[in-house]
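Visitor: Residue numbers (the numbering used here): -8 to 710.
Careful, some of the hints might be misleading.
Each computed DSSO-like pair below joins lysine-lysine, with the alpha-carbon atoms no more than 30 Å apart [said to hold, decoys possible]:
no.	residue 1	residue 2
1	Lys260	Lys305
2	Lys305	Lys362
3	Lys672	Lys467
4	Lys349	Lys255
5	Lys631	Lys467
6	Lys345	Lys260
7	Lys255	Lys362
8	Lys255	Lys93
Beta-carbon label-pair distances, calculated as ranges [as the list claims (entries may be wrong)]:
no.	residue 1	residue 2	range
9	Gln329	Phe18	47 to 55 Å
10	Ser69	Ser129	47 to 55 Å
11	Lys260	Pro185	14 to 22 Å
12	Gln474	Ser641	38 to 46 Å
13	Lys52	Ala389	41 to 49 Å
14	Leu198	Leu221	22 to 30 Å
15	Ile236	Thr413	57 to 65 Å
16	Val92	Val355	36 to 44 Å
17	Asp418	Ala677	14 to 22 Å
18	Thr210	Val363	46 to 54 Å
19	Val88	Val311	22 to 30 Å
20	Pro185	Gln653	49 to 57 Å
21	Phe18	Ala49	46 to 54 Å
In case anyone wonders, no lab produced these hints; they're calculated from the structure. Cβ atoms here follow ideal geometry from the backbone N, Cα and C, with glycine treated the same way.
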Amino acid sequence: MAYALLASLPPVFGLYTSLYPALIYFFFGTSRHISIGTFAVLSIMVGSVTERLAPDAAFLKTNGTNLTEEVDVTARDSYRVQVAAATTVLGGLIQVVLGLVKFGFVGTYLSEPLVRAYTTAAAAHAVVAQLKYIFGVSPTRFSGPLSLVYTLVDVCSLLPRTHPPTLVVSVVSMLFLIAAKELNSFLSPKLPVPIPVELITIVAATLISSFGKLNSNYTISVVGEIPSGLSPPSTPDVSLFGEVIGDAFALAIVGYAISISLGKTFALKHGYKVDSNQELVALGLSNAVGGFFQCYAVCSSMSRSLIQESTGGKTQMAGVASAVIVLVTILKLGPLFQELPKAVLAAIVFVNLKGMFKQHSDVVTLWRRSKVDLVVWVVTWVSTLLFNLDMGLAASIAFALLTVIFRTQMPTYSVLGNVPGTELYVDMETHREAREVPGVTIFRSSATVYFANADLYLEALKDKSGLDISKMIIYKRRQEAKQKRRQRRAERRARRQAKREIRAQRAATTLPGAPVFSVEEEAGRWRDTCMDENAAAEEGQAWSERENGTVFVVPTSPRTPDGQCRWEYLKGADQDNTSIGWMSELQDGDTTTLGSSSDDTLSRDLERVSLGSLGKWTWDIHSIVLDLSTANFIDTVAIKTMKNIFQDFSEIDVDIYMAGCQASVVEQLELGDFFSESITKSRLFASIHDAVLYCMNHRGASSLSRYEPSEDMQSNTKL
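Produce the entire structure from the sequences given, and follow the hints as far as they go.
Guide: Written out as structure tokens, the structure reads:
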């Protein structure tokens, strides 16, 4: 009845909610110890829906006596019951459908820090909702974001109008409950059954209120009429489904998360198994069927479940026994509680939420254990307080998933080394005893590789291996392009040389004794031989020995009487240039020195520029092993990244191998057309150690002189 007030429903509907769902769960549930019924968090969530769709302002009527407006309580409560029933039935149907499609794992998205923070914030909502009964005031009901803040501000503004008799009843009830519960905790080891503190409080308050006529003498609000007997089932208002579908989904998820977490706790303690999908169906049927009998959303009650388990309950027959007691109360004892003050019920709710408020200590615990879980806890708590229960839950789940994405997108990348004497490979930065395998880099990511971190994986691999692939490939391609240009120039040179020889032969036939020669070595000698026509044969022999000259001249006229000859530069050089130590003869702008060959130039270029200036020397690393044991799936983006890794590193003569792939990952690689003629399954190894042994045998001969493997590795290598 107290939790029915949280749902903004007449108290008797709390009794209905504790009867029908418990009987349905008895037939379909798999947990033996949880007690199905009302729960504070779900009651508050239902209350937010009923008061949003059925506010007091919508049911005002004019009092014919004094012409003042007052709330039509009967019409309001009747409509709120319809809203609660429709929300409950829809939430139950959602749970049944999710259970039938094997979606029971949905509860795993609600982590323990999230659930505890959510219930803690919900306890704050429950306390604020009960303040009007504690102080006897009538604040305005707010809904939507910041409704808690607005309600609290409104209650504080109404504190000067506090009803003193109601406040006295509330304070006395809370003091009695707190004292009795502390005594109960102290005596619990000696008592076979806990003392029913709440029941004693309700009975005593009802008797005092009835004999003292607190309602008529002090205008203390009481429960009012509680009808005897059971109400017939009725079909919920289907037209309301569209307005409450979001709230129904939130109720379905939160209720299931609370029930399955408590059920698994008891199952682990007592050694049996709880079927998550069957639990989802059972809870859904309990809500759906209960909604036809004007019940509101239910789940496992923590307090009742703990009492039921601690008193020796071992099956759901204990839940049936409690349902029978509720049935007797509805049929015969209900009218006896009509004089029960609502302030007492509010005090019961207030005191029972003490355990949830203790969960604020999670902040200190999580600060020491996990900063990420702490952030999830704080964000859930703040968003639930500010955005209300439904929107707060959605924001909390979204943020929790973002933390997972963030942690998988920014994993820890490490280079592994071998522990001498073992087949273990551990992070070299955190384990000093690990030794690097010469020529082999073993790379591991702490998270699976997928679209969100594929590029980061590639960049981390380049950084950890010390090989700047981009620069090295660019340098290699430039060198290849230069080599091709030099070859083309050499071919053009050969063709020009052939033409020169032909011209020289023709000139020799027309000008006997006029040879073709190289300028830099033969120019001076030619001047001398021009005055001696008998030296023509010797100069022709000198040309054949210096055929690799780069700039050539031929005489265009015979020796004049003064001993001078006219020269023609075949490459069109400046005839007046007195410095002929070098001349440009390349059409593409490249230059070479006279008397040097293209091969000599290439050698000097390779000596000046080396891959050592770009990072590690290529001969220091010949193989890279990618440890994919942490990957439980791989998508198309990651497959494309892996292909690029194989192709890029192969261009600089570094082999890539994959180790520790699960069967499902290999299957996904096959479906993604990862394997080809260049990337075969021979690149896959069951373990890192197998891959390392293969690398050492395949390309590690030059490294073995510096690396002394363990005895086990030596024996495996021999095998």
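Visitor: Determine for every hint whether it applies to the structure shown.
Guide: To see whether the hints hold, each was checked on the structure:
Between Lys260 and Lys305 the alpha-carbon distance is near 12 Å, which keeps this suggested pair within the 30 Å criterion. With a C-alpha separation of about 39 Å, the suggested pairing of Lys305 with Lys362 is violated against the 30 Å cut-off. For the proposed pair Lys672 and Lys467, the alpha carbon gap of about 28 Å is at most 30 Å, so the pair holds. Restraint check for Lys349 and Lys255: the C-alpha separation of about 22 Å stays at or below 30 Å, so the hint holds.
Between Lys631 and Lys467 the alpha-carbon distance is near 23 Å, which keeps this suggested pair within the 30 Å criterion. The hinted pair formed by Lys345 and Lys260 meets the criterion: a straight-line CA distance of about 25 Å does not exceed 30 Å. For a cut-off of 30 Å, the pair hint linking Lys255 to Lys362 stands: about 26 Å separates their Cα positions. Distance restraint check for Lys255 and Lys93: the Cα-Cα separation of roughly 17 Å lies within the 30 Å cut-off, and the hinted pair is therefore satisfied.
The hinted window of 47 to 55 Å between Gln329 and Phe18 is violated, with their beta carbons roughly 34 Å apart. A beta carbon spacing of about 20 Å between Ser69 and Ser129 contradicts the range 47 to 55 Å that was offered as a hint. Separation of Lys260 from Pro185 is about 19 Å and conforms to the stated range, judged on CB atoms against 14 to 22 Å. The given range of 38 to 46 Å is broken by Gln474 and Ser641, whose C-beta atoms sit roughly 20 Å from each other.
The hint said 41 to 49 Å for the Cβ distance between Lys52 and Ala389, and at roughly 43 Å that hint holds. The supplied range of 22 to 30 Å is met by Leu198 and Leu221, whose beta-carbon atoms lie about 26 Å from each other. For the hinted restraint 57 to 65 Å between Ile236 and Thr413, the CB-CB distance of approximately 58 Å keeps it satisfied. For the pair Val92 and Val355, the beta carbons lie near 40 Å from each other, so the given range of 36 to 44 Å is met.
In this structure the hint that Asp418 and Ala677 lie 14 to 22 Å apart at CB holds, the actual value being about 21 Å. For the hinted restraint 46 to 54 Å between Thr210 and Val363, the CB-CB distance of approximately 53 Å keeps it satisfied. Range check, Val88 to Val311: about 27 Å between beta-carbon atoms, so the 22 to 30 Å window is met. Checked against the hint of 49 to 57 Å, the pair Pro185 and Gln653 passes, with Cβ atoms roughly 50 Å apart.
Take Phe18 and Ala49: their Cβ atoms lie about 39 Å apart, and the range 46 to 54 Å is violated.
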